[in-house]
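Enquirer: The lines below spell out each chain.
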Amino acid sequence: MAGIIHKLSAARLNRLFLGGELSAVEITESVLSRIAEVEPAVGAFLTVTAEHALDRARKLDARRKAGDTEFGPLAGVPIALKDNICTCGIETNCASRMLKGWVPPYDATVVERLRASGAIIIGKTNMDEFAMGSSGETSAFHVTRNPWDLDRIPGGSSSGSAAAVAAEEVPVALGTDTGGSIRQPAALTGVVGMKPTYGYVSRYGVVAFASSLDQVGPIGHDVEDVARVFQVIAGPDRRDSTNAGRTPPEVKFGGEPSLKGVRLGIPREYFGSGIEDGVKARIEEAIRQLEDLGAAVEECSLPTTEYALSAYYIIAPAEASANLARFDGVRYGHRTAQANGLHDMYSKTRAEGFGPEVKRRIMIGTYALSSGYYDAYYKKAQQVRTLVLQEFQRAFERFDALVTPTTPVTAWRLGEKLDDPLSMYLADICTIPVNLAGLPAVSVPCGFADGLPVGLQLIGKHFADTQLLQIAWAYQKVTKHHEARPNLAPKGGRQA
Amino acid sequence: MSERWETVIGLEVHVELSTETKVWCSCKNEFGAEPNTNVCPVCLALPGSLPVLNAQALEYAIRAGLALNCKIQRYSKFDRKNYFYADLPAGYQISQYDLPLCYDGYVDITKKDGTTRRIRIKRIHLENDAGKLLHAGDDVTAADYSLVDFNRAGVPLIEIVTEPDIRSAEEAGLFLQKLRSIIKYSGVSDVKMEEGSMRCDVNISVRPAGSSEFGVRSELKNVNSFSAVVRAIEYERKRHIAILEEGGQVEQETRSWRDAQGISVLLRSKEDAEDYRYFPEPDLPPVVISDADIERVRAALPELPDAVMARLMNDYGLSAYDASIIASEREFAQWFLQAVELAGGGQAKTIANWQINELNRVMNEKGLGPEQIPVTPEQLVGMLQLIDKGTITGKIAKTVFEKMVETGKDAETIVKEEGLTQVADEGELLAIAREVVAANPKVFEDWKAGKQSAAQWFVGQIMKRTRGRANPQLALKLVTQALEEQAAKE
Numbered sequence: 005m006a007g008i009i010h011k012l013s014a015a016r017l018n019r020l021f022l023g024g025e026l027s028a029v030e031i032t033e034s035v036l037s038r039i040a041e042v043e044p045a046v047g048a049f050l051t052v053t054a055e056h057a058l059d060r061a062r063k064l065d066a067r068r069k070a071g072d073t074e075f076g077p078l079a080g081v082p083i084a085l086k087d088n089i090c091t092c093g094i095e096t097n098c099a100s101r102m103l104k105g106w107v108p109p110y111d112a113t114v115v116e117r118l119r120a121s122g123a124i125i126i127g128k129t130n131m132d133e134f135a136m137g138s139s140g141e142t143s144a145f146h147v148t149r150n151p152w153d154l155d156r157i158p159g160g161s162s163s164g165s166a167a168a169v170a171a172e173e174v175p176v177a178l179g180t181d182t183g184g185s186i187r188q189p190a191a192l193t194g195v196v197g198m199k200p201t202y203g204y205v206s207r208y209g210v211v212a213f214a215s216s217l218d219q220v221g222p223i224g225h226d227v228e229d230v231a232r233v234f235q236v237i238a239g240p241d242r243r244d245s246t247n248a249g250r251t252p253p254e255v256k257f258g259g260e261p262s263l264k265g266v267r268l269g270i271p272r273e274y275f276g277s278g279i280e281d282g283v284k285a286r287i288e289e290a291i292r293q294l295e296d297l298g299a300a301v302e303e304c305s306l307p308t309t310e311y312a313l314s315a316y317y318i319i320a321p322a323e324a325s326a327n328l329a330r331f332d333g334v335r336y337g338h339r340t341a342q343a344n345g346l347h348d349m350y351s352k353t354r355a356e357g358f359g360p361e362v363k364r365r366i367m368i369g370t371y372a373l374s375s376g377y378y379d380a381y382y383k384k385a386q387q388v389r390t391l392v393l394q395e396f397q398r399a400f401e402r403f404d405a406l407v408t409p410t411t412p413v414t415a416w417r418l419g420e421k422l423d424d425p426l427s428m429y430l431a432d433i434c435t436i437p438v439n440l441a442g443l444p445a446v447s448v449p450c451g452f453a454d455g456l457p458v459g460l461q462l463i464g465k466h467f468a469d470t471q472l473l474q475i476a477w478a479y480q481k482v483t484k485h486h487e488a489r490p491n492l493a494p495k496g497g498r499q500a
Numbered sequence: 015m016s017e018r019w020e021t022v023i024g025l026e027v028h029v030e031l032s033t034e035t036k037v038w039c040s041c042k043n044e045f046g047a048e049p050n051t052n053v054c055p056v057c058l059a060l061p062g063s064l065p066v067l068n069a070q071a072l073e074y075a076i077r078a079g080l081a082l083n084c085k086i087q088r089y090s091k092f093d094r095k096n097y098f099y100a101d102l103p104a105g106y107q108i109s110q111y112d113l114p115l116c117y118d119g120y121v122d123i124t125k126k127d128g129t130t131r132r133i134r135i136k137r138i139h140l141e142n143d144a145g146k147l148l149h150a151g152d153d154v155t156a157a158d159y160s161l162v163d164f165n166r167a168g169v170p171l172i173e174i175v176t177e178p179d180i181r182s183a184e185e186a187g188l189f190l191q192k193l194r195s196i197i198k199y200s201g202v203s204d205v206k207m208e209e210g211s212m213r214c215d216v217n218i219s220v221r222p223a224g225s226s227e228f229g230v231r232s233e234l235k236n237v238n239s240f241s242a243v244v245r246a247i248e249y250e251r252k253r254h255i256a257i258l259e260e261g262g263q264v265e266q267e268t269r270s271w272r273d274a275q276g277i278s279v280l281l282r283s284k285e286d287a288e289d290y291r292y293f294p295e296p297d298l299p300p301v302v303i304s305d306a307d308i309e310r311v312r313a314a315l316p317e318l319p320d321a322v323m324a325r326l327m328n329d330y331g332l333s334a335y336d337a338s339i340i341a342s343e344r345e346f347a348q349w350f351l352q353a354v355e356l357a358g359g360g361q362a363k364t365i366a367n368w369q370i371n372e373l374n375r376v377m378n379e380k381g382l383g384p385e386q387i388p389v390t391p392e393q394l395v396g397m398l399q400l401i402d403k404g405t406i407t408g409k410i411a412k413t414v415f416e417k418m419v420e421t422g423k424d425a426e427t428i429v430k431e432e433g434l435t436q437v438a439d440e441g442e443l444l445a446i447a448r449e450v451v452a453a454n455p456k457v458f459e460d461w462k463a464g465k466q467s468a469a470q471w472f473v474g475q476i477m478k479r480t481r482g483r484a485n486p487q488l489a490l491k492l493v494t495q496a497l498e499e500q501a502a503k504e
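Going line by line, the protein sequences match chains A and B.
Take 5 as the starting number for the first sequence in the numbering used here and just add one per residue.
Take 15 as the starting number for the second sequence in the numbering used here and just add one per residue.
Some hints here could point you the wrong way.
[To be verified] Lysine to aspartate or glutamate pairs mimicking EDC-like chemistry, simulated, CA-CA at most 20 Å apart: (1) K384/A / E401/A; (2) K383/A / D289/B; (3) K383/A / D215/B; (4) K352/A / E372/B; (5) K69/A / E30/A; (6) K352/A / D101/B; (7) K95/B / D379/A; (8) K91/B / D379/A; (9) K384/A / D112/B; (10) K284/B / D215/B; (11) K126/B / D289/B; (12) K465/A / E289/A.
No wet-lab data here; the hints were simulated from the structure.
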């Protein structure tokens, strides 16, 4: 089994660990060796915590040998974390020079929950700097490559988490999703990614990009694993005042997949001019398969969708401009070597510490909040946000879930859109409205277009996350697209 | 000149709430701890940390609002006020912009002449304090480096903003005293200016007397004591008037008060005013306050200075001004009421006089706080009884009082030990009277010539000889007798 351990699902690994068939150390070593093998090609990680992980694994094994049976649902399961999630004692730098070398003195709530469930933290994954980007390329350190085509981007901003799962370096990973940053890279790398309802998962210890939009979520090979991790990380947390204090109902998968009685809406605005033919074909195919499963499918219209992107690119940068003000060189992170006074220290520190995309968004946000512009931009954007939410709520009077492409395009070539921010922003057009409305959504693989993965997005009602996962599971069960794996040559070199 | 001008003043007062813990985290809220010991990821604004509203801070802010006759916002929210400074860890302060917790209140002040003025409170909002900078040098410009202590970062503050209803430095001083007194009674802060738990910014403008339009205002920062507020207003008022009388125009600007030099200096002009880019705090949900919440807080409010003052005036006949002084501290009022209970209501006015003129003076001189009253009500009443019985004179009583303060002994003990009993022995006093009359023929001649004050002068001499212990009426009678005897002799 040793050669394929890294291919196994979280559910399977947990079962094998609990049954004593695989030790946590064996699992961890297998995963570490896979990482060593493919990381030079993929570049999914910023930090691999081999010693920490082996230490945890040894302790888990010792507990199990001592007869302990009180293990959580992720016991023995290796997991990778996006590097904007604080890990006590493990560097967390958000792929920014600004935080290079910063070691948090505390764990994010989701990390506490993962540790308590027996998960083994394998490392911290690469990302767009401070989660700002849609390709992973704004990382200050290195790019992450799409395991399906190493010349292409894996999507972003949770680029490393999606690529690490797709490349079978870890069975599951955590990402964060502010405008699509879990779902979009999941779609582009052919894995399952979930953005929970805003307020289901604590944000405490997650380095904020846009506080009213950010949500942590799981990435995995299949819906069961994603659900398993979601169940662990979701739940009440008093340290996050925007947490809803709700525990998701237990979700069980099994039996004959059926969507009888499920009403699905197809919002036509998500199939607009920017969509690639190949993507459109896969999504239409998926819709037919959902119908075959018994779902009642009907086209609908969400006309405010076209304003969502503009509203998002006001609200998210506005919040970011304040959230990133703390990176001032006073207490932690980068501080310029030479400064003449406090203000010089601020401007040099921030000029040196932040990359161009982060600076662009801080400037947009600062401008949008400025006296005299607030009403025209921020306030108007919030009004649009309300309209987007109301429109979704009206749609959910008729539908249990909405079905759209996750992205209108497949993975593009590295560097292709780096100098064209607007075209980069458009890649998130299908995912952004969901964040504005705080809804849950999941992206599941639905096949390939020109050899590149396509993602199907299912959008659900507030706190109907588990219901959404049930629909995704039924689809996955009959299509098996999630079982496709990229062929990363064992020699680990780049493809020609 | 200045009668032609009217001064218009509004105050912004920051008060630190004395909650157990800070406003967004559970670090201890205490003054004077070792630097950077009461800190955590939240109040240091470490990446990923999030604020959680302290329920006690919310309750205290509402309590302060009710004590200041404010209305309470049923739906309130927090906003980020963005600016960079080394003592502000997040790069923004969590404050309240357009929906402050409390609004539309007032404070009534009582002036020396007994008249009252109502100063309206525009709003009270809840926010966090910043840390404290320590400059390695005389001031920030001369320092090689600065150190930051974040113990204070995240301490809850309320900012109380008045309407521009204050018309003089005296009124501003009285307002602050009264505000301090109400806040202290309500138990939400110990309002110690010397520990920085109450700080004040002053908005001031002048306009021609009788005008209803406001002049251009300046905002004075860094005004850190009650007396500094009075000095700063006097200075700034004169500065404005001087500009206007020369035909100039006052510029709208923010100025810093330098108390040691007694001047204000330009901090920034209107053009350079900071844009705080307020927007709703996405990390905190709006605050919804029910009628029941408000009534619960209101029911727990203690009796406040105005009610105590009314009681002192109605039940004991004190003047408005005297009552306002005694009511200004809960301990003063309790002390007064105990003394009156011991001595009887008829003595209320006398007790108030002793308390205001002697006790308060001594306490001010010694820098004693209201919780350190050096004489018990029993001791004062005991002394008053000695006066009544004629054991000591009113004049001696002042000496006895001071000795009570110094030694803590009872009046009776002091009188015995020091031999301060009144001399009421006619023979003894008459002998002294005869001696002083005989020894001062020139003054005796004045008296004979009809100068009435000459007799009083002889009484003074007797007092001197008896170290103030002579009964003054008796002394006058015997001086008169001695003078008439002397005149008869000639």
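Enquirer: It remains to establish, for every hint, whether it holds in the given structure.
Expert: Cross-check of the supplied hints:
1. The hinted pair formed by K384/A and E401/A fails the criterion: a straight-line CA distance of about 26 Å is larger than 20 Å.
2. Simply put, K383/A and D289/B have alpha-carbon atoms about 17 Å apart, close enough for the 20 Å limit, and the pair holds.
3. A threshold of 20 Å between alpha carbons decides the hint, and for K383/A with D215/B the separation of about 31 Å lies outside it, so the pair is violated.
4. For the hint pairing K352/A with E372/B, the CA-to-CA distance comes to about 61 Å; that exceeds 20 Å, so the pair is violated.
5. A distance of roughly 14 Å separates the Cα atoms of K69/A and E30/A; the hinted pair therefore holds under the 20 Å criterion.
6. Distance restraint check for K352/A and D101/B: the Cα-Cα separation of roughly 19 Å lies within the 20 Å cut-off, and the hinted pair is therefore satisfied.
7. Only pairs whose Cα atoms come within 20 Å are accepted, and K95/B paired with D379/A is accepted, the gap being roughly 17 Å.
8. With a C-alpha separation of about 18 Å, the suggested pair K91/B and D379/A falls inside the 20 Å cut-off, and the hint holds.
9. Between K384/A and D112/B the CA atoms are separated by roughly 17 Å; this keeps the pair inside 20 Å, and the hint holds.
10. As the CA atoms of K284/B and D215/B are separated by approximately 16 Å, the hinted pair is consistent with the 20 Å bound.
11. A C-alpha spacing of about 42 Å is found between K126/B and D289/B, which places the hinted pair above 20 Å, so the restraint is violated.
12. With a C-alpha separation of about 24 Å, the suggested pairing of K465/A with E289/A is violated against the 20 Å cut-off.
Violated hints for the displayed structure, listed by number in ascending order: 1, 3, 4, 11 and 12.
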